[in-house]
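Let the hints inform the model, and build the full structure from the sequences given.
Going by our numbering, the residue at position 53 of the sequence shown is 53; the numbering climbs one at a time, nothing skipped.
Everything labelled a hint here was simulated from the structure, so no lab data went into it.
Remember, it's a predicted structure, so these values are computed and weren't measured experimentally.
By construction, the Cβ of each residue, glycine as well, lies at the ideal position given by its N, Cα and C atoms.
Warning: the hint list may mix true and false statements.
[Said to hold, decoys possible] The list that follows gives simulated cross-link-like pairs (lysine to aspartate or glutamate, DMTMM-like), each with its CA atoms no further than 25 Å apart:
#	residue 1	residue 2
1	Lys24	Glu10
2	Lys24	Asp68
3	Lys24	Asp35
4	Lys28	Asp68
5	Lys28	Glu10
6	Lys28	Glu66
7	Lys24	Glu66
[To be verified] Taking CB as the label site, the calculated pair distances span:
#	residue 1	residue 2	range
8	Glu66	Thr45	15 to 23 Å
9	Arg75	Asn54	30 to 38 Å
10	Asn5	Arg26	26 to 34 Å
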Amino acid sequence: MRSQNINPVETWGPLMALETFADKLRGKNAFLLIDNVGAQFGLTTGSSHCTDSNAASHLFWVRSHELDIHWWILRVDSKANCSDAVSRWRHKWIRSEAEMIKDSGPRDLKF
Numbered sequence: 001m002r003s004q005n006i007n008p009v010e011t012w013g014p015l016m017a018l019e020t021f022a023d024k025l026r027g028k029n030a031f032l033l034i035d036n037v038g039a040q041f042g043l044t045t046g047s048s049h050c051t052d053s054n055a056a057s058h059l060f061w062v063r064s065h066e067l068d069i070h071w072w073i074l075r076v077d078s079k080a081n082c083s084d085a086v087s088r089w090r091h092k093w094i095r096s097e098a099e100m101i102k103d104s105g106p107r108d109l110k111f
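Right under this line is the structure:
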């Protein structure tokens with residue numbers, strides 16, 4: 001059993017984004033900013049020693065080829081990654097929005 005699942009999650013994320021925004025990305029040059037070295041390496045090389053990450057890396061490039069998307073993959077520090085604060089609920093605006101939703105939403109909502 002794997003002690004941490006962050007590498008596969010970080011590798012599957014770009015694939016999910018590619019599928020979600022396939023129509024907007026089709027035929028484009030695109031940047032992928034990633035703050036996980038293992039995921040960056042797997043996505044850059046198209047393979048990984050981790051079975052889950054390997055599948056995601058392979059599918060990422062198969063779909064990119066099908067959609068004619070050309071990627072420039074760059075590593076960024078977690079603190080410079082715009083999604084890091086959101087994913088960890090560190091951003092003041094996110095917390096205030098969550099509080100507003102919680103205050104106006106159903107009472108069984110858990111944050």
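Hint by hint, here is what the structure shows:
1. Lys24 <-> Glu10: holds (21 Å)
2. Lys24 <-> Asp68: holds (12 Å)
3. Lys24 <-> Asp35: holds (23 Å)
4. Lys28 <-> Asp68: holds (7 Å)
5. Lys28 <-> Glu10: Answer holds: Lys28 to Glu10 is near 22 Å, not above 25 Å.
6. Lys28 <-> Glu66: Between Lys28 and Glu66 the Cα gap is close to 12 Å, so the pair holds against 25 Å.
7. Lys24 <-> Glu66: holds (14 Å)
8. Glu66 <-> Thr45: 15 to 23 Å: holds (19 Å)
9. Arg75 <-> Asn54: 30 to 38 Å: Roughly 19 Å apart at Cβ, these two residues miss the hinted range, so it is violated.
10. Asn5 <-> Arg26: 26 to 34 Å: Cβ of Asn5 to Cβ of Arg26: about 30 Å, so the range 26 to 34 Å holds.
Of the hints listed earlier, the one the structure fails to meet is number 9.
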